[in-house]
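Please construct the entire structure, taking both the sequences and the accompanying hints into account.
There are 8 protein chains.
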Amino acid sequence: DRIGIEEAVLAQPKSVGQIAAIIADAMAEDRRLLLTRLQPDQHQALPAAQRAALDYCAMSYTAMLGARPSPRDMPRIAVVSAGTSDSGPATEAQRVLAYSGISATMIADVGVAGLWRLLSHQDSLQRMQVVIVCAGMDAALPSVVAGLVPGMVIAVPTSVGYGVAAGGRAALDAALASCAPGVLVTNIDNGYGAACAALRFANAAGGFT
Amino acid sequence: DRIGIEEAVLAQPKSVGQIAAIIADAMAEDRRLLLTRLQPDQHQALPAAQRAALDYCAMSYTAMLGARPSPRDMPRIAVVSAGTSDSGPATEAQRVLAYSGISATMIADVGVAGLWRLLSHQDSLQRMQVVIVCAGMDAALPSVVAGLVPGMVIAVPTSVGYGVAAGGRAALDAALASCAPGVLVTNIDNGYGAACAALRFANAAGGFT
Amino acid sequence: DRIGIEEAVLAQPKSVGQIAAIIADAMAEDRRLLLTRLQPDQHQALPAAQRAALDYCAMSYTAMLGARPSPRDMPRIAVVSAGTSDSGPATEAQRVLAYSGISATMIADVGVAGLWRLLSHQDSLQRMQVVIVCAGMDAALPSVVAGLVPGMVIAVPTSVGYGVAAGGRAALDAALASCAPGVLVTNIDNGYGAACAALRFANAAGGFT
Amino acid sequence: DRIGIEEAVLAQPKSVGQIAAIIADAMAEDRRLLLTRLQPDQHQALPAAQRAALDYCAMSYTAMLGARPSPRDMPRIAVVSAGTSDSGPATEAQRVLAYSGISATMIADVGVAGLWRLLSHQDSLQRMQVVIVCAGMDAALPSVVAGLVPGMVIAVPTSVGYGVAAGGRAALDAALASCAPGVLVTNIDNGYGAACAALRFANAAGGFT
Amino acid sequence: DRIGIEEAVLAQPKSVGQIAAIIADAMAEDRRLLLTRLQPDQHQALPAAQRAALDYCAMSYTAMLGARPSPRDMPRIAVVSAGTSDSGPATEAQRVLAYSGISATMIADVGVAGLWRLLSHQDSLQRMQVVIVCAGMDAALPSVVAGLVPGMVIAVPTSVGYGVAAGGRAALDAALASCAPGVLVTNIDNGYGAACAALRFANAAGGFT
Amino acid sequence: DRIGIEEAVLAQPKSVGQIAAIIADAMAEDRRLLLTRLQPDQHQALPAAQRAALDYCAMSYTAMLGARPSPRDMPRIAVVSAGTSDSGPATEAQRVLAYSGISATMIADVGVAGLWRLLSHQDSLQRMQVVIVCAGMDAALPSVVAGLVPGMVIAVPTSVGYGVAAGGRAALDAALASCAPGVLVTNIDNGYGAACAALRFANAAGGFT
Amino acid sequence: DRIGIEEAVLAQPKSVGQIAAIIADAMAEDRRLLLTRLQPDQHQALPAAQRAALDYCAMSYTAMLGARPSPRDMPRIAVVSAGTSDSGPATEAQRVLAYSGISATMIADVGVAGLWRLLSHQDSLQRMQVVIVCAGMDAALPSVVAGLVPGMVIAVPTSVGYGVAAGGRAALDAALASCAPGVLVTNIDNGYGAACAALRFANAAGGFT
Amino acid sequence: DRIGIEEAVLAQPKSVGQIAAIIADAMAEDRRLLLTRLQPDQHQALPAAQRAALDYCAMSYTAMLGARPSPRDMPRIAVVSAGTSDSGPATEAQRVLAYSGISATMIADVGVAGLWRLLSHQDSLQRMQVVIVCAGMDAALPSVVAGLVPGMVIAVPTSVGYGVAAGGRAALDAALASCAPGVLVTNIDNGYGAACAALRFANAAGGFT
Ligand SMILES: Nc1ncnc2c1ncn2[C@@H]1O[C@H](COP(=O)(O)O)[C@@H](O)[C@H]1O
Ligand SMILES: Nc1ncnc2c1ncn2[C@@H]1O[C@H](COP(=O)(O)O)[C@@H](O)[C@H]1O
Ligand SMILES: Nc1ncnc2c1ncn2[C@@H]1O[C@H](COP(=O)(O)O)[C@@H](O)[C@H]1O
Ligand SMILES: Nc1ncnc2c1ncn2[C@@H]1O[C@H](COP(=O)(O)O)[C@@H](O)[C@H]1O
Ligand SMILES: [Mg+2]
Ligand SMILES: [Mg+2]
Ligand SMILES: [Mg+2]
Ligand SMILES: [Mg+2]
Ligand SMILES: [Mg+2]
Ligand SMILES: [Mg+2]
Ligand SMILES: [Mg+2]
Ligand SMILES: [Mg+2]
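Quick mapping for you: the protein sequence lines, in order, are chains A, B, C, D, E, F, G and H. Numbering-wise (the numbering used here), the first sequence opens with residue 828 and increments by one. Numbering-wise (the numbering used here), the second sequence opens with residue 828 and increments by one. Numbering-wise (the numbering used here), the third sequence opens with residue 828 and increments by one. Numbering-wise (the numbering used here), the fourth sequence opens with residue 828 and increments by one. Numbering-wise (the numbering used here), the fifth sequence opens with residue 828 and increments by one. Numbering-wise (the numbering used here), the sixth sequence opens with residue 828 and increments by one. Numbering-wise (the numbering used here), the seventh sequence opens with residue 828 and increments by one. Numbering-wise (the numbering used here), the eighth sequence opens with residue 828 and increments by one.
Read the hints as simulated data drawn from the structure, not as lab findings.
To spell it out: a stretch of chain A is covered by chain B in this simulated footprint if at least three of its residues, at any positions, have a beta carbon under 8 Å from a beta carbon of chain B; those stretches are:
| # | segment |
| --- | --- |
| 1 | 938 to 946 |
| 2 | 984 to 997 |
| 3 | 1002 to 1010 |
Short derived list, chain C residues pointing at chain F, Cβ under 7 Å:
| # | residue |
| --- | --- |
| 4 | Val-939 |
| 5 | Leu-942 |
| 6 | Met-964 |
| 7 | Asp-965 |
| 8 | Val-971 |
| 9 | Asp-1000 |
| 10 | Ala-1004 |
| 11 | Ser-1005 |
| 12 | Ala-1007 |
All C-beta atoms in this analysis are idealised placements derived from N, C-alpha and C, irrespective of residue type, glycine included.
In structure tokens form, the structure reads like this:
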């Protein structure tokens, strides 16, 4: 938080014991805490008192401890996703923003194979300061979105898929090679990173005042 | 031609001597001939008489020998390309079709970063029986096209680009992972293959009559 | 279905709850439904009433809801597979076609290491308008088939195998690099995509009448 | 420019004839023009009159036509580079920003193997709204910078290097996997893309007023 | 041990029967034994008497049989790790050294995104003869350490991570491409190899006396 | 030659000076010499006297010095190639065998897209003790050949091709994943290695008598 | 068996039902049968009567049905392996040979890090007509063996290992790039393929008499 | 040199103008200078006075300016190489050491396909404190050497080769996956890095006195 962004705890590679100790410390010191990639079986294995204190979301593998700031709509941020399968990282981004008091607009299931679905949101999207676009498979969505809006576009490639799409490298490369100018990209499935970048936007747009 | 598709000569890996011998044979027997991937320096090194007899196109690296059938509009085939850089394979497809007497509709520079360009051709595209889509970089175009048209969609990923796009693997994987149903794909830069597939369509749609 | 191809539901990445909701909607509205990549354990976890209503096939991971059109033999489509291991995607293609009322000819276990097996089907294959070829490992079959038939050839590389064949990239690359002209390729294991392309063929060959 | 970002011309894959025609059009219509990845031999082959009209930079392969807006310091943007070898993309970013009237602060040769070089710029960096970080090889610099500053961090992985670093994939993956929260990434060597993203920041921070 | 380095037993790919037989032999002959990558379920399946005799560590998957030499501080070796997730290989290195009687200094959780954490250990690190650096993700730590210390730097890339970091290839390539001179690298997660190299250092620095 | 196989000189990575020195030594000692991958420009730069003494073949990049044993037909070895583009490695194999006094049967241009070409050689192939099969692109030929013959089958994947075939990895993987039992494989373009393996066959079949 | 090599059944990708049907057929017709890659859980799920009739080996995942020919020592074949971890494919090769009546010499645990172990078998190895070398990790063993023996050398790269060795691609590439002349290679873990190639050797060395 | 290792100038990615300026500075200040990867055409393009002052070696692409310390034999370092093709990085390592006053023992052309060549140097190698092993292709040499010597073993994988060996990734992976304990690895062709690591050894073994 020396830079205005609270570090989250990356839970997945940690043992349940390690995670419980981190939570216990925070509870003892009455600190807020954000955990990412906390797997359902890890969550299930935590002490009951910790589970009761945590706000856990199994779709995004995130957990939060402590009060949340009342949400505000500024800066204007949208989280757009192409298909049902991209809802994990999209929700991760949404909740990380919520943890910092920002309420993002969610726009789901607007993959480019049915353009009219995306175009019906065009006006709303053009008013956004930051648009986070979660897309797997061919990740065509960030390119189309970036051609429509003047704000920042952050692509989160997702890993769901099979064949050449499995693991998300195809989606990642498509996002990096986007034919639209100024698309920025995070690691595969890194909704957390996209949200942190949006927090940096908030820092910077506020002029550090 | 046992299957109704004349084999072309893949010139690039052959020596000039080998190519000249193949052309000489065809000229002696008064046969038509189609050469693909004939590099400018290979073409330049051929005997003057052969150069005079060939219809060579440096953009698509194709050369044709002999009379061309008068072009017809059926089946209805379009060759769509995303950017200037995709014009090589697009022109290759066009000329291979022309060699078989089919006049394709060319639609260029309709990359998805500026959707209105593509949408202005929507009516024409929806009447096509086969749409060949040449696209490099993120190859988002085949997915968008396939969402708009009922006919066959053949994606030709192209190799121009830098970074993760260099060589065309990113475009290939994006085309294969397309979120639109029924997109078929050729090897990178294989406009010839796409045209041959369209000829197979003509064979099959004609019912082999 | 704006383009004459009904969208299927890609079940594998969805939660059982999401899938059940989609099926419930369709049942409530008396709509037909096609699900692909529905894993046995996902299927098993659905409500009994939904399981009873679904026609599920564990080999191809497909499920259908609602009446099926009476099957017809036109257009003439064959689904050819190289080995026992390719029967998953082959059956997926067959059932997606059946869902649209097309009865395909199935030709199995004709890998090129025993050429006589394939050659015994040569006459039948040459009458087909579309031949879908499912093959893993070295995926030599599409090249041999495409040398024998005048119709459309759609290769579906399959993922079964070990060592360099594991995951299907070797089969995919072999199909894309086919030495036979006009072979088109889908993503690995994408029998659904091949069937959709065949439906596009039916659309286009019918002239959109 | 429908979205407030002028499209640049990607010159490298185009023929000299195509490039000259584009420049001629712009000169005839008295329009400004930005070309990227214009190779020295392409530049050299342009008509003398065009060469005289262009402001060409061989280090960044960029060329500009027309008057440049007088530079301003807002938003506050720094372009940081790790080694001499990263100066190509760094200069590309600088000049694309200059073309839009933004004067960026350049900080060069601050690779992490000599930390004191970077730390001496710490105060200046912490005041920046956007920091573009160009780094090849192990691309450790974006992670270190992002740990020091509250503003936006855009990593441009560069391609110079040998062995595992050749082509820039190692640098790209390191940037994407950064252990610092909120680092965003462009395609390899894409200084243009980073600058466009900074222009999107300017759009968005200005609130589209 | 012909070369002064006792071979360890790589347990993971062996059956429990094979491992138990090796341990039984050592116990019968009253020999010491070091096992690496012994998975918890393998350990659990060993005979109780063997389990009682073994000093097993589930974090590093190592087991030791027999008396350990009393630990000494020479040569001066540090094991540095970037994050909690790197503690597996770090502990493996520590225990392999301990098995040979060398007590290494452990410095954990000093990833470069928070430079001050590393810099607070700078004096200690500069006195070390060998610094083993365990880091995953972007593996920026070895480069920064190597810029600070005059002794040997051995990077152990780790495999924990997701997206492009999964499996450790990104960390490996970053370590190999380090911009700091004289960084040496082991296979991914190979804390054992790093410790053996440190033992070779001890051999060599002692002049084989 | 301790093992009955004379080592060849791999010329390509050597300087002309190094190559000339090796040839001079052999000439001085009146020894025979075989050079592989000697590029035309390297050959051209050798002293005229050396060039006169060498039997050089630009298609296979091989050069031989000294008398050749009179050729014999035993063991019975065929070198089969799929296309014109595979003639480089095929000729390399032929000449390396000739250098050891074995006259191989050459069968060219029998790619599987035109099966009848291969089948017309079936009787001859079935009598062979070793069949070396050179094939690029999809490398379907080794699988088909191995289904037809009882003798040894050695696949030499070749590198000519574009897109996914460029460099030969697709052909290599297809050959390794062959669905026919007992296909053995060399490095890409390694006609020399295939010939050496055939010499090992001759050694072994002769019983080392 | 048209080519003198009985096809094995590749069990792993088949369902238990499919496998049981194949075995039932063979038992009904009193035919011998060889199954490869039959997993323990697949084996366990077979009908008890079939399990009783099968000779199953869990280390090599092979099963045989029917009488085995009495073993003979000709041709002289050795199966060499580098480490305990390579015993799976080594045993697979041994048993496939045994199924055809050939008794191979097994030489285990002779990895090159302890050269003396290999060198103690040098005389025996030099008398072999075929040496099958199973090695994972760095796969240095085939190169060293091929430098010592005049007979055929068949490398079987194995998949056991971690980091860059995981999956066997590193071992495969090392075997293909072997600096020793005439090393031939199979797919990763393909002991079956190596044995079939040795049977082809037996066919060919026997002159097909 | 804050850490006792003088930074070299990596010349290849720099323009001739940049290199000349760096040399001019050093000459003006009478400083010593080491340049690596200075290509022959870059060297040729330098001012004649600079060329006269430089000690340039075209085989290793290194150049040195200024007096060299008189060479000493301590620490005892050997540079071993497998084939003629590895002499570039081997010589680079030798000259970087020489620049720091260390005279290394050179042992060339001892690839493992002819074991007796290496074994004849066994005594000498076993006395070395550091052995730098340069090897391309299958890179089997580091494993064999590490099994023979008690000192530090640093593998430098080299890039020369074709097919799977091209670029050096196969050699790199083999070195990393070495079955011998304690092999350390540098980037491909990084003889400079290996020499710097040896200088770190000298620092550390000297106890920083
Ligand atoms: N989902 C995530 N993806 C990437 N980085 C994360 C994620 N969650 C937490 N982090 C970062 O990982 C670091 C925490 O690592 P650790 O100390 O191992 O918990 C912090 O720098 C976090 O900002
Ligand atoms: N097996 C499949 N392979 C590829 N695409 C599929 C498959 N099944 C369904 N789809 C497509 O995936 C999309 C449905 O995604 P979703 O909305 O997540 O169910 C539709 O466009 C379908 O056409
Ligand atoms: N372990 C194996 N590795 C490679 N090919 C095998 C293996 N076992 C059997 N085969 C081959 O796979 C084919 C059998 O496939 P299937 O008809 O699916 O049983 C035959 O051609 C066998 O020669
Ligand atoms: N051949 C080389 N391989 C790797 N790093 C090198 C090489 N030569 C010089 N360096 C390092 O590269 C940096 C010099 O980069 P530069 O400032 O661009 O000259 C220094 O840290 C050197 O230690
Ligand atoms: Mg959907
Ligand atoms: Mg354009
Ligand atoms: Mg079969
Ligand atoms: Mg520098
Ligand atoms: Mg931490
Ligand atoms: Mg041909
Ligand atoms: Mg062992
Ligand atoms: Mg040699």
